[in-house]
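The lines below spell out each chain.
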Amino acid sequence: MAHPAAAPLVIHGGTVIDPVTCREYRADLTIDGGVIRAVGRVPDGFGDARRIDATGLMVCPGLVDLSARLREPGYEYKATLESELAAAVAGGVTSLACPPDTDPPLDEPGLVEMLKYRAQTLALSRVYPIGALTQGLGGERITEMAELTEAGCVAFSQADHPVTDTRVLMRTMQYAASFDFPVWLRPQEHFLSRGGVAHSGEVATRLGLPGIPVCAETIAIDTLVTLAQLTGARLHLCRLSSARAVEQVRAARASGLALTCDVAIHHVHLCDIDIGFFDAHSHLVPPLRSVRDRAALRAALADGTIDAACSDHTPVDEDAKQLPFAESESGATGLELLLPLTLKWAAEQSVDRPTALARITTDPARILGLPPGRIEAGATADLCLFDPLEDWIVGPATLVSQGKNTPFSGLPMSGRVRHTIIGGEPVFSRARSNVTTLPRRP
Amino acid sequence: MTRNPQLDAHGALRHLLSIEGLPRDVLVNILDTARPFVSVTEREVKKVPVLRGKSVFNLFFENSTRTRTTFEIAAKRLSADVINLNINASSASKGESLLDTISNLSAMDADMFVVRHAQSGAPFLIASHVREGISVINAGDGRHQHPTQALLDMYTIRHYKQSFTGLTVAIVGDVLHSRVARSQIHALSILGVPEIRVVGPKTLVPDSFSRMGVRVFNRMEEALKGVDVVSMLRLQNERMDGGLLPSAQEYYKSYGLTAERLALAKPDAIVLHPGPMNRGVEIESSVADGSQSVILPQVTFGIAVRMAVMSILGVG
Amino acid sequence: MSTQPTFPAVDSSALPAVDTLLDALVEQIRPQVDPARCGMVGIHSGGVWIAERLHRVLGLALPLGTIDVGLHRDDLETSGLRIRMRASMIPFEVAGADILLVDDVLHTGRTIRAAMNELFDYGRPERIRLAALLDRGGRHLPVAATFLGAHVEIEPGREIVLDRCASGAHADTLLLKVQPRSGPRESAT
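Chains as they are written, first to last, in the numbering used here: chain A, 1 to 442; chain B, 1 to 316; chain C, 1 to 189.
Rather than coming from a laboratory, the hints here were simulated on the basis of the structure.
Among the hints, a few may not be true.
[Claimed, not checked] Okay, derived cross-link-like pairs now, DMTMM-like style, lysine to aspartate or glutamate, Cα gap no bigger than 25 Å in a straight line: (1) A/321 to B/228; (2) B/161 to B/228; (3) B/161 to B/96; (4) A/404 to A/303; (5) B/46 to C/77; (6) A/321 to A/48; (7) B/266 to B/284; (8) B/46 to C/75; (9) B/46 to B/100; (10) B/202 to A/189; (11) C/177 to C/23; (12) B/47 to C/75; (13) A/404 to B/96; (14) B/202 to A/82; (15) B/76 to C/74; (16) A/321 to B/132; (17) A/116 to A/44; (18) C/177 to C/19; (19) B/47 to C/121; (20) A/404 to B/268; (21) A/116 to A/53.
Just chain A, with the same shape it has in the complex (with noise of 0.2 Å):
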């Protein structure tokens, strides 16, 4: 990693979150060469440290998102890897995973050389490219893998492009399974979903707004389960969005099936109604489904039927969005709110903090092969120190991202990323905002 082992760091006066052991504390943190030296009293000899003040912060490990498009290669104009990693930094974020499609897709090693090499070159979030499952993700042959995984990659994905053929998928699956490489795929059935930018329900109904029915989702689930089954692969299911899905993946671990999968945290908390008037912003990929398919993938979440809830960050320009509907690019961006947004989730779903930060955390981590992001001595000094009852107003002033896309535009959020410490070194800083401005929350 480009993180040199950093100078001495005492985070002092926070309560450490820790996921793994499900525990809320106080303690101060010293840190030393990058990772964590000591939880609780600062040992002898570091007395001259560098200090933070985290009085009323909470201490947790770094975000880990499993789907961040970071646009590089080809997207710059969309945003840039410089503009999109200080927004993982903004949002807590020290690790995520970039799917494949990109301009070119990363299919070729020299590509994922080029990202990593760049993203080590900022040190900022650690970055961790998704290989592209077939080349060009044009879903016919299948990319170098071994040589990708070399180069860097940690799984294999076609993001949003299909792989129609079934006999090639079932070929890919083998492959990767043959050295063990994840493969993540965002179950939708091709011929099924084609055309289409909305749930297939009331409100695409009602709005004319071509529809992607559930049993989209469902039987193209079915066919990977089958197939992993089959062919051995390590499965993981990008992006849930039914509750049916939810059924399958319980199913599917009932036989047997060792799957893993997520949801975007959009999906958590919006649902077609949210559509409204046609709001672009609401436009995603998958789409967002009926009020109870939400509750039942925000209960999965809870449970733990669902591993992780990632950003699924989507930077989208504003001129992208400006078209009708249909027309318009899908996405939203997510970074900056994933924290937030699982907060809340947590305290409408009555879920404890140290769980569902486990859910952006060292559960991702397992998804990602990464250590777990304890919060003890000899761990990795990636840290997210929060304010739990910031309130703050997303909009274009206060994302940082490049993407301001958003249905949450306008929204007050509770809950603010005030530094992000990558490797022992504080990367990422800010004050607390002026909340006597903000509008106080129903």
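Could you slot chains B and C onto chain A? The hints should help.
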């Protein structure tokens, strides 16, 4: 959810984008206002100075000579200046963006935009970006809405049936892809029609429509029993390509409105069609030209209803 | 034509009875019209009520026409369309007709201008004459009644309206009232 963008802070009509969410009073006022305009079309000088000096821009991102003409006639009979712009969607997407086009036209002192677009919701986007004082009329957007068509249908129904309470109305055909059907369903519910039926094969009338407060039928014979109004929808040829229907012939066999089937409706039932008709596909010629057909009066009323909408938006 | 009496109308009670004014009008009109050819057109709403009575008493052959000047008003820009506009109905050929336009209270002359515009949309009449129940003065346009029931003087800020009992023992009885001018709209009467 935000306030209905087609109403101003006082609940008055500012744009006509969708029938959905319009108060009953607003609909009734449009129908009432249309009545004097019907008489205008019967005069030697078919023109009144209501919109004198105003500019109406017909912005047709999707070609429809027929609809454009009815709006053009309506605007001209109100003494407005009419500017027709057929904006080919593909060339628009290559060059100027939709909103740039709108900004440019707004700067030309337009008072009203009549918008036809292939994408559902496009008029909402346009309405949210026009200069204060410009009204947007949706002349059909994707599968979403065609509010003036539904209003003229309501005018026609009221003309022949006097009131809406107690009516049973059947909407027949490709409901899934029909903006006309969606607007009709909302208008009929708002005006108090107790039973709205939609009928067609499951590929064109999915069960999800029952969530819009209508009864879904798949058999024509059952759906027509005892109805007061039969509203036929146009069947687009491309429906045969997407695996939605086997052929026009088979569609006619199951869902074509024949004299025999119409006999299942009430004896004084009326037959509506938004045009242009596919004779022998949706409707038998003898029915289209028969005594129960009100298809031609619909066209006449259509001009008057569009005049009424433009007048209400233009001068309040 | 200023032979008619003038009433200083401070309140409704000082106004003459409608029937008296109608009698005066009939007396003036009868010798001047040909009942076989005269096309009578009342202006909504008060003018129609007056016209209905005149039409009956004069025994005109052509059916009565009615006009709503709503679409020709010159204050649409500021005042907007009126709720419940009625359709104009001229059930005889206007081109070449000898038309007697009927209104209740003549004031600025704008309504008469609008009514004449509306009439010309149906064709070119040979002649248009005007009968009004009352003339309260205050003309904005060079318009005069051919036949008139009476002149009245009225304080600024007040207006005279013709009302009709809709039901009860006095159903269909017409009544003139003086009242404060309603609304900000420039009176079009």
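Hints the structure violates: just list their numbers, smallest first. Structure breaks hints 1, 3, 4, 6, 9, 14, 17, 20, 21.
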